[in-house]
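J.: Given only the sequences and the hints, what does the whole structure look like? Please build it.
Numbering that gives the first Met the number 0 numbers the first residue of the sequence shown as 0 and each following residue consecutively.
Some hints here could point you the wrong way.
Below 20 Å or equal to it, Euclidean Cα-Cα: the simulated SDA-like pairs (lysine to any residue) are [stated by the list, open to error]: (1) K306 with Y372; (2) K340 with N462; (3) K106 with S562; (4) K406 with K452; (5) K345 with G369; (6) K406 with D376; (7) K325 with N539; (8) K467 with R485; (9) K547 with T82; (10) K106 with P169; (11) K378 with K467; (12) K325 with T196; (13) K355 with Q370; (14) K452 with Q253; (15) K289 with T196; (16) K325 with S562; (17) K406 with G369; (18) K578 with G150.
Everything labelled a hint here was simulated from the structure, so no lab data went into it.
Just so it is clear, the structure is predicted and the values come from calculations on it, not from any experiment.
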Amino acid sequence: MMNKKSIKIICLPLFILIFVSCMDLEPKAQLGDNLVWNKAENFQLFANQFYGWTRDFQMSANYGSATSDGPHSDYRSDLIATTSINTFSHGTNTIPSRDNNYTTLYKRIYYTNLLLDKADSFGDKESIAVPVAEAKFFRAYLHFELVQIWGDAVLLTVPLDLDSEKLYAPRDDRGVVIDQIITDLEEAANSLPETATEAGRLTKYAAYAMLSRVALYEGTWQKFHEGGSETSTNTSRSTELLTIAKEAADKVIQSNKFELFYDEKLGDESYRYMFILEDAAQCNPANLTKKDNTEYILAHRHRDGDKLGTNITHGMQGNVVFITRKMANMYLSSDGLPIDKSSLFKGYTGATDEFKNRDMRMSNTMLQHGQKYWNNDGKWRVTWNDEDLENSLIANVLSNSGYQNNKWAVEREVADTYESMDYPVIRYAEVLLNYAEAVYELNGSISNVDLDKSLNLVRLRVNKKMPKLSNEFVAENGLSMREEIRRERAVELFLEGFRIDDLKRWATASQEMPQDQLGVKVSGTWFESNWSAQARPLNNDGCIVLYKGRNWEDKHYLYPLPSDQLQLNTQLEQNPGWKN
Numbered sequence: 000m001m002n003k004k005s006i007k008i009i010c011l012p013l014f015i016l017i018f019v020s021c022m023d024l025e026p027k028a029q030l031g032d033n034l035v036w037n038k039a040e041n042f043q044l045f046a047n048q049f050y051g052w053t054r055d056f057q058m059s060a061n062y063g064s065a066t067s068d069g070p071h072s073d074y075r076s077d078l079i080a081t082t083s084i085n086t087f088s089h090g091t092n093t094i095p096s097r098d099n100n101y102t103t104l105y106k107r108i109y110y111t112n113l114l115l116d117k118a119d120s121f122g123d124k125e126s127i128a129v130p131v132a133e134a135k136f137f138r139a140y141l142h143f144e145l146v147q148i149w150g151d152a153v154l155l156t157v158p159l160d161l162d163s164e165k166l167y168a169p170r171d172d173r174g175v176v177i178d179q180i181i182t183d184l185e186e187a188a189n190s191l192p193e194t195a196t197e198a199g200r201l202t203k204y205a206a207y208a209m210l211s212r213v214a215l216y217e218g219t220w221q222k223f224h225e226g227g228s229e230t231s232t233n234t235s236r237s238t239e240l241l242t243i244a245k246e247a248a249d250k251v252i253q254s255n256k257f258e259l260f261y262d263e264k265l266g267d268e269s270y271r272y273m274f275i276l277e278d279a280a281q282c283n284p285a286n287l288t289k290k291d292n293t294e295y296i297l298a299h300r301h302r303d304g305d306k307l308g309t310n311i312t313h314g315m316q317g318n319v320v321f322i323t324r325k326m327a328n329m330y331l332s333s334d335g336l337p338i339d340k341s342s343l344f345k346g347y348t349g350a351t352d353e354f355k356n357r358d359m360r361m362s363n364t365m366l367q368h369g370q371k372y373w374n375n376d377g378k379w380r381v382t383w384n385d386e387d388l389e390n391s392l393i394a395n396v397l398s399n400s401g402y403q404n405n406k407w408a409v410e411r412e413v414a415d416t417y418e419s420m421d422y423p424v425i426r427y428a429e430v431l432l433n434y435a436e437a438v439y440e441l442n443g444s445i446s447n448v449d450l451d452k453s454l455n456l457v458r459l460r461v462n463k464k465m466p467k468l469s470n471e472f473v474a475e476n477g478l479s480m481r482e483e484i485r486r487e488r489a490v491e492l493f494l495e496g497f498r499i500d501d502l503k504r505w506a507t508a509s510q511e512m513p514q515d516q517l518g519v520k521v522s523g524t525w526f527e528s529n530w531s532a533q534a535r536p537l538n539n540d541g542c543i544v545l546y547k548g549r550n551w552e553d554k555h556y557l558y559p560l561p562s563d564q565l566q567l568n569t570q571l572e573q574n575p576g577w578k579n
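T.: Listed below in structure tokens is the structure:
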């Protein structure tokens, strides 16, 4: 099994030169050609370190952190809250004096460029084709991080010398950076293998999947942001990018290399168990391991017995994460209709009424009051049958929002921080949703055939009896196809680091983010007579108000550049709306 701890990484210390630049690119490795770059296998050894740079449960540089705070985290969105106010979610963040994300991203870009630079003079190009492709993929990955976080970015395609003017140049337009990202991913796809040579390795379809993400993001950004309205946009640019997104996603679909994770024994709980598959014995009722998961296109790998450095189960389960009423209400009723349109919705009177007749992903993700469940410490599963019910926790949701999370929580006995599930950097469900959205935004419509080959597969994974999303279903029930496509993303990719970026690219954050973050309905419900300790204010509908007074300005669509970088390079210029 391969991961950042088990891959042998080339050792650099003998050739380190520490220096400071406007990007703080340290350390810069001065590698002797005859010592390091004379063998093809050394290119691969050097490239192995790149795999440790993807999104994960938690990272030292938090740009990739998904289950803790970071630029892409749902903690900064409208769907979850925590004990303290998240300043980014609340719209009260300020310009940082420094940002480790910025310096780390550029340092890592330097290393990808170093490999590519050395590859130019290496004689046997075929023998190093894979590490070169890996370097291009990760150079694209890192530059996309820069664009998502800060917009325009200094584009680097060569390892810089200390006196390079590029170190002190203005940022390149985001479109120029995106074009290079697309080129890198297309070239990477051409050289990467069809099937991974080792678990966790890149394939050409990982490159195409990433391309679909990048092109969809920027295509919709151009469609909804340019000029401030959809009617005054850069239509040709968005059309170009959305076409790339559609075609890249379709390549992944047509490859038939991946499928949504589903197991008959796990049944309606397949969605929940997918996220906690491990290679340790007996981790789920079907005794499946990671090899049974064909949905993860690229994953941040973790071995059984390795220390993760973060407590995933206790950090995510129960009332640590305050799921909001807005998120709970997003789940459809089992008839495929939003709760305000469905006759099957049971309302809020009882403690668990709203969970009845709903999209099964709701109960896969959230704990219901009185539900028996397990964790990794003291109340774990052993037999994976009804005998375990005698050794279980019982959910008591009478705290915080009244909605509690169960995603990412393991059920076997394992020490805190030693859970070993992989983190899905890219999974097939996202690609299917990318395809559906790209088709719709390209044409203003999507055929039933395209819905059936993409979104409906995701929708029906654990909702076998739910009606498909179709043009007829939308018309008959007065729905918006765009809103239903977006709903699927919010529900399917919850707590995986997509929501705030989606709101930004759709330019809907200005409507969604200022809304009060609410908890369960108390007035006139079971909670009113059973939750005596509830002391938070209620709104006019009798719902708990977690946080109000939230703010969103146009400047928040991009993060502010850190002050230290603006001082080092006066040509960078701060993002619009942010004043130093």
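J.: Would you mind marking each hint as holding or not holding in the structure?
T.: A quick look at each hint next to the structure:
A distance of roughly 24 Å separates the Cα atoms of K306 and Y372; the hinted pair therefore is violated under the 20 Å criterion. Between K340 and N462, the direct Cα distance comes to roughly 18 Å. Compliance with the 20 Å bound is thereby established for this hinted pair. This hinted pair checks out: K106 and S562 have alpha carbons roughly 18 Å apart, not beyond 20 Å. For the hint linking K406 to K452, the alpha-carbon distance of about 27 Å lies beyond 20 Å, and the restraint is violated.
For the proposed pair K345 and G369, the alpha carbon gap of about 18 Å is at most 20 Å, so the pair holds. The straight-line distance between the Cα atoms of K406 and D376 is roughly 16 Å, inside the 20 Å bound, and the hint therefore holds. Simply put, K325 and N539 have alpha-carbon atoms about 16 Å apart, close enough for the 20 Å limit, and the pair holds. Between K467 and R485 the CA atoms are separated by roughly 15 Å; this keeps the pair inside 20 Å, and the hint holds.
The suggested pairing of K547 with T82 holds, with an alpha-carbon distance near 14 Å, which does not exceed 20 Å. Restraint check for K106 and P169: the C-alpha separation of about 18 Å stays at or below 20 Å, so the hint holds. Taking the CA atoms of K378 and K467, the gap is about 38 Å. The hint is violated against a cut of 20 Å. With a CA separation close to 43 Å, the supplied pair K325 and T196 exceeds the 20 Å bound.
Our distance criterion of 20 Å between C-alpha atoms is met by K355 and Q370, whose separation comes to about 13 Å. A C-alpha spacing of about 10 Å is found between K452 and Q253, which places the hinted pair at or below 20 Å, so the restraint holds. Taking the CA atoms of K289 and T196, the gap is near 16 Å; set against the 20 Å cutoff, the hint holds. Taking the CA atoms of K325 and S562, the gap is near 36 Å; set against the 20 Å cutoff, the hint is violated.
Taking the CA atoms of K406 and G369, the gap is near 17 Å; set against the 20 Å cutoff, the hint holds. Distance check on the hinted pair: K578 and G150 sit about 17 Å apart at the alpha-carbon level, within 20 Å; holds.
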